[in-house]
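Mind docking chain B on chain A? Use the hints.
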Amino acid sequence: MDTNKCFHCGNDVVKKDEIVFDEKKFCCNGCKTVYEIFSQNDMACYYDFQAAPGATPLDIKGKYDFLDNVEIVNKLLEFQEQEMSIVSLYIPHIHCSSCIWILENLQKLSTGIITSQVNFGEKKVRISYHPEKTNLKKIVELLCSIGYEPYISLENYGKSQQSIDRSLIYKIGVAFFCFGNIMLLSFPEYFEVDEFWINKYKVFLRWLVFALSLPSFFYSASGYYVAAWKSIKAGLLNIEIPIALGIIVMFVRSTIDIIFDYGQGFFDSMTGLVFFMLLGKLFQQKTYSFLSFERDYKSYFPIAVTKIDKSGEEIPVQVYDIEKGDRLLIRNQELIPVDGILISEKASLDYSFVTGEAVPIEKKSGDKVYAGGKQLGKIIEMEVLFSVSQSYLTQLWSNDVFQKKVEQKHKNITDKISHYFTPALLTLAIISFMYWIFIDTNTAFNVFTAILIVACPCALALTAPFTMGNVLRIMGNRKLYLKNATVIEQLAKVDIIVFDKTGTITTNKKTAITYEGTELNTDEIKLLKNVLRGSNHPLSRRLYDYLPNQEKIETSSFEEVIGKGIFATINNQIFKIGSSQYLQHMSENTHKKTKVHIEINGVYKGSYVFNNQYREGLEKLFEKLSQKYNLVVLSGDNDGERKILSKMLPEKTVLEFNQKPEQKLAFIKNLQDKGKNVMMVGDGLNDAGALAQSNVGIAISENVNVFSPACDGIMDASQFSKFSFFMNFSKNAMKTIYMSFAISLLYNVVGLSFAVSGKLEPIVAAIIMPLSTITIVSFVTLASNLFAKES
Amino acid sequence: MSVIYLLITVSIFVAVLFLIAFIRAVKTGQYDDDYTPSVRMLFDDEVQPRTKTITKKEEQKPI
Chain A
1 MDTNKCFHCG
11 NDVVKKDEIV
21 FDEKKFCCNG
31 CKTVYEIFSQ
41 NDMACYYDFQ
51 AAPGATPLDI
61 KGKYDFLDNV
71 EIVNKLLEFQ
81 EQEMSIVSLY
91 IPHIHCSSCI
101 WILENLQKLS
111 TGIITSQVNF
121 GEKKVRISYH
131 PEKTNLKKIV
141 ELLCSIGYEP
151 YISLENYGKS
161 QQSIDRSLIY
171 KIGVAFFCFG
181 NIMLLSFPEY
191 FEVDEFWINK
201 YKVFLRWLVF
211 ALSLPSFFYS
221 ASGYYVAAWK
231 SIKAGLLNIE
241 IPIALGIIVM
251 FVRSTIDIIF
261 DYGQGFFDSM
271 TGLVFFMLLG
281 KLFQQKTYSF
291 LSFERDYKSY
301 FPIAVTKIDK
311 SGEEIPVQVY
321 DIEKGDRLLI
331 RNQELIPVDG
341 ILISEKASLD
351 YSFVTGEAVP
361 IEKKSGDKVY
371 AGGKQLGKII
381 EMEVLFSVSQ
391 SYLTQLWSND
401 VFQKKVEQKH
411 KNITDKISHY
421 FTPALLTLAI
431 ISFMYWIFID
441 TNTAFNVFTA
451 ILIVACPCAL
461 ALTAPFTMGN
471 VLRIMGNRKL
481 YLKNATVIEQ
491 LAKVDIIVFD
501 KTGTITTNKK
511 TAITYEGTEL
521 NTDEIKLLKN
531 VLRGSNHPLS
541 RRLYDYLPNQ
551 EKIETSSFEE
561 VIGKGIFATI
571 NNQIFKIGSS
581 QYLQHMSENT
591 HKKTKVHIEI
601 NGVYKGSYVF
611 NNQYREGLEK
621 LFEKLSQKYN
631 LVVLSGDNDG
641 ERKILSKMLP
651 EKTVLEFNQK
661 PEQKLAFIKN
671 LQDKGKNVMM
681 VGDGLNDAGA
691 LAQSNVGIAI
701 SENVNVFSPA
711 CDGIMDASQF
721 SKFSFFMNFS
731 KNAMKTIYMS
741 FAISLLYNVV
751 GLSFAVSGKL
761 EPIVAAIIMP
771 LSTITIVSFV
781 TLASNLFAKE
791 S
Chain B
1 MSVIYLLITV
11 SIFVAVLFLI
21 AFIRAVKTGQ
31 YDDDYTPSVR
41 MLFDDEVQPR
51 TKTITKKEEQ
61 KPI
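Taken in order, these protein sequences are the chains called A and B. The UniProt record's numbering puts the first residue of the first sequence at 1, with every later residue one more than the last. The UniProt record's numbering puts the first residue of the second sequence at 1, with every later residue one more than the last.
Bear in mind the hints are in silico, worked out from the structure with no lab data behind them. Using N, Cα and C, we set each Cβ at its ideal position, and we do this for glycine too. Every clue listed holds true.
Per the computed footprint, the stretches of chain A lying under chain B, defined by three or more beta-carbons under 8 Å from a beta-carbon of chain B, are: (1) 89-101; (2) 166-180.
Simulated restraints, written as ranges between beta carbons of each label pair: (3) L42/B to D639/A: 53 to 63 Å; (4) L7/B to E761/A: 24 to 34 Å; (5) Y190/A to K27/B: 34 to 44 Å; (6) K628/A to I23/B: 48 to 58 Å; (7) E18/A to K27/B: 48 to 58 Å; (8) I23/B to N658/A: 55 to 65 Å; (9) D639/A to K27/B: 56 to 66 Å; (10) L771/A to Y31/B: 25 to 35 Å; (11) F204/A to Y31/B: 28 to 38 Å; (12) A15/B to I767/A: 22 to 32 Å; (13) K27/B to Y420/A: 34 to 44 Å.
Only chain A is shown next, with the shape it has when bound in the complex:
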């Protein structure tokens, strides 16, 4: 293990703060304390499964006071009785086997806890405890103290427990049971030998097969009948109609066959068909349980905040109960839930949830503060202007886009094909029936049913699910997580792409830093870097990383004024680093750019300017995309970057600045009204409206485990330069589907030629059906993997 890393959390140990305990190094007191807790309880093997698995516990004093409120706790609990209460908590830090181990051994740390169970995929821990021996607040505080702070948001409040829908799994289980046994039992009759023993047992075997087909016919396939009935009612000809028709006809005809001893029937093909189609459904249902695509402001907002009542007492109050005129107390790292006026002298608000901009904004007493900002630094006080639902940010959610149940907005590709397929099939069946009825009534019925059986579009119905399912997986491996398979079809249809600016095409991570002012000599830079080492402010950290490595010198005095800057003495030189107000230096355009000013021994030297840096490969990407798509950049910022952007991006790119969230939404809607298929790429909550309105909304996220607004897909920011690959890939996926449609139609033609001439034997159906399925599945899997490799 690297000796300079903290034993608990793996961060670099700063020499000044280093703590050595039990022969191990720790970066801070918090990490040491967690280690102490674990080693005292004989739980130090937490560190054996994974090196440095922990997180530094944060200061949470008072943050969870609202958990004393019985009403709020009741809403959070999953189950509650005198002997036992159960709660499920979402813990974002869960990431390795050590996490599972420690969280499942919580009962060793607190006697009130009975058991705890981790669901790694969902990053959740389910804890059952004795309500008499401990309470939720104590448990949450325990979790925080060992660095596993749960995330409790307004979303958890009063959410009814959803039961998990497992019916598809049951149906597949039953279908496979029927299919397997029927295949085995109908096998002897395939060879049509007139042997004594077959003739003897034929009747028994047939009726057994009939009995076994019942669960598959009535239970497993039931979804298709419902879907077909719905589409008939809606006047649509989708793929479910021929499927349901095929299954029913197969069942009825096979039953008649065995009653009148015409043959063994098609029970084997029928159950196989049901099984394969359900399997296709399952394959398409790839979900990313650790991601949520349905988030709104509720997932960001706290359940309760601290209110100061008239007598000056601090009481926790539920967010929905906040009224105009209330006074609220917002602590460090807490989110402002409503619009209001700042009463405290100063606040430093991080609006990265809303805008994607990481640099905090300074507010003064009397300024209006908007909901969604996170306070950094000292406790502030504010007076409420609007309740939660009337606040500026949350009002966006009253827009119609969010009220609509997002049903399938568009006809999918399979339905489009079946729009032609279904009538053609029915016409063929009727024509053949009319032809045969003049020759032989018996054959006429035979042919009619045989056509419907053989043409049952099993392969056709499987094509799209298997292709989409596979494409979804390939994209997921490359860190584009789509909500469901229909998004791929939408991706292929897009003709205009709208990008948000801040946080989407720019990155917060690597900011290009330039220096303005009197040059600093190497000695001064050396001292500057050493001063910055002690600061945790994001800008100082960035500047620290930017400056070249220097030898280490201790500061003789160091003072950090939160939200302002640093005042330090080093080698008898006085450094003052921070904002322009702090240094009392006003330059012309200080408010337009993010700057850190430097003053040494009372002389103003200059400032480091943090430029918005555009993501790597942006120019190339836009050039590539502009050949096929119309591009728009929609920014909430002022147009300070217009010149740079118009130089960097292709000429045709439309640039729009000063766009408020509702304007972004309206902009997208306007394009759609003109008949365009719009794709929105954004990141913050201010894009939420546009993301919901667009045909495809993709959220870019630096860390996919952190929350992103409701959307159709979440893309890891590192993949941004490969954006055009995904666009091409979705188009190729559609191509694959069309090709395999052709193959499956070919099988249908072969099968139909048997059917029309009245020669369809059960064995032919039993061969064609699985053969076509296997061909289709392997074809689409190979083709989509090949397309993924190509680019």
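Then chain B, alone, in the frame of chain A:
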């Protein structure tokens, strides 16, 4: 009664047992989380207090 009736009945009966077992497994949520159990089974049931490095040094002493 021919043995084939018996055999087929027994085989179907066994198959039904497996189907029931499967349905019960799904119902109790065994398929809801397919990752965590694979890690959990590797943990020791009882945590042993870790032997410190000092004891190792003592062992190295020649007898």
